[in-house]
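Enquirer: Sequence:
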Amino acid sequence: MRFERKRIDLKDGRTCTLRPAEAEDSEAMIECLRTVSSETPFLLRNADEVTFTVEAEEQFLKAESMHPRELMMIAEVDGEISGNCAVLSVGDLRRTYHRCRFAIALKKAFWGLGIASAMMDYAFFLAEEMGYEQMELEVVDGNDRAKSLYERFGFQETGKNHRSLKYDDGSYRDEYRMVKIFSAREGI
55 MRFERKRIDL KDGRTCTLRP AEAEDSEAMI ECLRTVSSET PFLLRNADEV
105 TFTVEAEEQF LKAESMHPRE LMMIAEVDGE ISGNCAVLSV GDLRRTYHRC
155 RFAIALKKAF WGLGIASAMM DYAFFLAEEM GYEQMELEVV DGNDRAKSLY
205 ERFGFQETGK NHRSLKYDDG SYRDEYRMVK IFSAREGI
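In terms of our numbering, the sequence shown is residues 55 to 242.
Don't read these hints as lab results, they were simulated from the structure. Hints may be right or wrong, so weigh each one.
As the list claims (entries may be wrong) - With a straight-line cut-off of 20 angstroms between C-alpha atoms, the simulated SDA-like cross-links for lysine to any residue are:
#  : residue 1 : residue 2
1  : LYS65     : MET55
2  : LYS162    : GLU78
3  : LYS201    : TYR176
4  : LYS201    : SER171
5  : LYS162    : LEU64
6  : LYS116    : ALA157
7  : LYS60     : GLU78
8  : LYS116    : ASN100
9  : LYS162    : PHE57
10 : LYS214    : ARG153
11 : LYS65     : GLY133
12 : LYS116    : LYS161
13 : LYS161    : THR69
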């Protein structure tokens, strides 16, 4: 989905631009994913598992920009991609057409500046514009900072996937399923 750029003032006085990811961002997007994957154990992949090519990322970003009900948003500060978020369709079947999935990642150097909150606000607005009534996500057990943020934005826990992630040291972590309802027609 194409959407308008939005500028926000950060808590440290800098400006951040929220904008659609473009094919030209492919290399920087891959590097951003490698960085965030190395900074936290709460994402699905390790940094060494970010192996897709620039060409593959270009194709993915082109497809996302053309999809009428999906988006990939970049947060850019001083010319650097500081993070991104995605709104992805659960499916095109009538019974799931009202649902979307949400994912967000932000480089640690940009935590606490208001970027994640701004991305979420804008993504929620755009999701409703696309006709979604419900947004879903998973958050890894122990990621209290993210879970608290999601709860502050109206997400409610709906279940738990036990032993959802297995780490290289053999340990496991659970994931919480969370849902945010946009439409007041039905509760969880």
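Enquirer: Please go over all the hints and tell whether each is borne out by the structure.
Expert: Hint by hint, here is what the structure shows:
Among the hinted pairs, LYS65 with MET55 is inconsistent with the structure: their alpha-carbon atoms are about 29 angstroms apart, more than 20 angstroms. At roughly 24 angstroms between alpha-carbon atoms, LYS162 and GLU78 are farther apart than 20 angstroms, so this suggested pair is violated. Taken as a hint, the LYS201 and TYR176 pair is honoured in the structure, with Cα atoms around 19 angstroms apart against an allowance of 20 angstroms. A hinted pair counts as satisfied when its Cα atoms are at most 20 angstroms apart, and LYS201 with SER171 qualifies at roughly 13 angstroms.
Restraint check: the Cα-Cα separation between LYS162 and LEU64 comes to about 15 angstroms, which is no more than 20 angstroms; the hinted pair holds. A distance of roughly 18 angstroms separates the Cα atoms of LYS116 and ALA157; the hinted pair therefore holds under the 20 angstroms criterion. A threshold of 20 angstroms between alpha carbons decides the hint, and for LYS60 with GLU78 the separation of about 19 angstroms falls inside it, so the pair holds. Our distance criterion of 20 angstroms between C-alpha atoms is broken by LYS116 and ASN100, whose separation comes to about 25 angstroms.
For the given pair, LYS162 sits about 26 angstroms from PHE57 by alpha-carbon distance, which is inconsistent with the 20 angstroms threshold. Restraint check: the Cα-Cα separation between LYS214 and ARG153 comes to about 19 angstroms, which is no more than 20 angstroms; the hinted pair holds. For the proposed pair LYS65 and GLY133, the alpha carbon gap of about 18 angstroms is at most 20 angstroms, so the pair holds. Under the criterion of a C-alpha separation no larger than 20 angstroms, the hint pairing LYS116 with LYS161 is inconsistent with the structure, at around 23 angstroms.
With a CA separation close to 16 angstroms, the supplied pair LYS161 and THR69 stays within the 20 angstroms bound.
This entry does not satisfy hints 1, 2, 8, 9, 12, going by the numbered hints stated previously.
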